[in-house]
Amino acid sequence: MRVELQIDVHCEEPFAVLHIAKLTPSIQEAIKILEKEGMQNIITAQSAGKVFLIDPETIEVIRTEGRELVLYSKSKERYLLAKPLYELERLLGSDFIRISKSAIINFRRIHHAEASFNGTMEVVMKNGIEEVITRSYRKQFKERLGV
Numbered sequence: 150m151r152v153e154l155q156i157d158v159h160c161e162e163p164f165a166v167l168h169i170a171k172l173t174p175s176i177q178e179a180i181k182i183l184e185k186e187g188m189q190n191i192i193t194a195q196s197a198g199k200v201f202l203i204d205p206e207t208i209e210v211i212r213t214e215g216r217e218l219v220l221y222s223k224s225k226e227r228y229l230l231a232k233p234l235y236e237l238e239r240l241l242g243s244d245f246i247r248i249s250k251s252a253i254i255n256f257r258r259i260h261h262a263e264a265s266f267n268g269t270m271e272v273v274m275k276n277g278i279e280e281v282i283t284r285s286y287r288k289q290f291k292e293r294l295g296v
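In this note's numbering, the protein residues as written are 150 to 296.
Hints are not guaranteed to be accurate.
Dumping the calculated EDC-like pairs for lysine to aspartate or glutamate here, alpha-carbon to alpha-carbon at most 20 Å [unchecked claim]:
1. K199 with E226
2. K199 with E217
3. K181 with E236
4. K250 with E271
5. K181 with E153
6. K250 with E292
7. K291 with E271
8. K288 with E226
Between beta-carbon pairs, the in silico distance windows are [to be verified]:
9. E271 with V152: 38 to 46 Å
10. F164 with E214: 25 to 33 Å
11. D244 with I169: 28 to 36 Å
12. E279 with Q177: 34 to 42 Å
13. E279 with F201: 21 to 29 Å
14. H261 with D157: 39 to 47 Å
Hints in this document: simulated from the structure, not taken from any laboratory. Each residue gets a CB set at the ideal place from its N, CA and C atoms; glycine is no exception.
Use the sequences and the hints to build the structure in full.
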């Protein structure tokens, strides 16, 4: 496939035009990636009765605590989320990985991981928060680590 790129410093909103004979799965995937590029994956969360816009790069852990879905930031700030965990997992993309039915972590913010009892693993985030990687998610986690 031939690719042509035009850089224009006066372009306010980037756009792409594709000339194709047929829509293939790989082209559909490229379209999804390009559409995401224009969107900021900002997460809205609440704390102390206020709504905050959270940059995904600052997220360490998202987990359920009782009936609440909670987000912890790099600085251990705690926020409440309204979206379901599976929706956040899709929205956040490849930097995040599911480690149990009730938790997602930012893969880039892992400090270390170690084997634990009962075939589980424990992961410690850079801000000190500890999470358990359950057996059903351990294989996926290890593959992501490359071990």
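Of the hints given before, which are not true for this structure? 8 and 10
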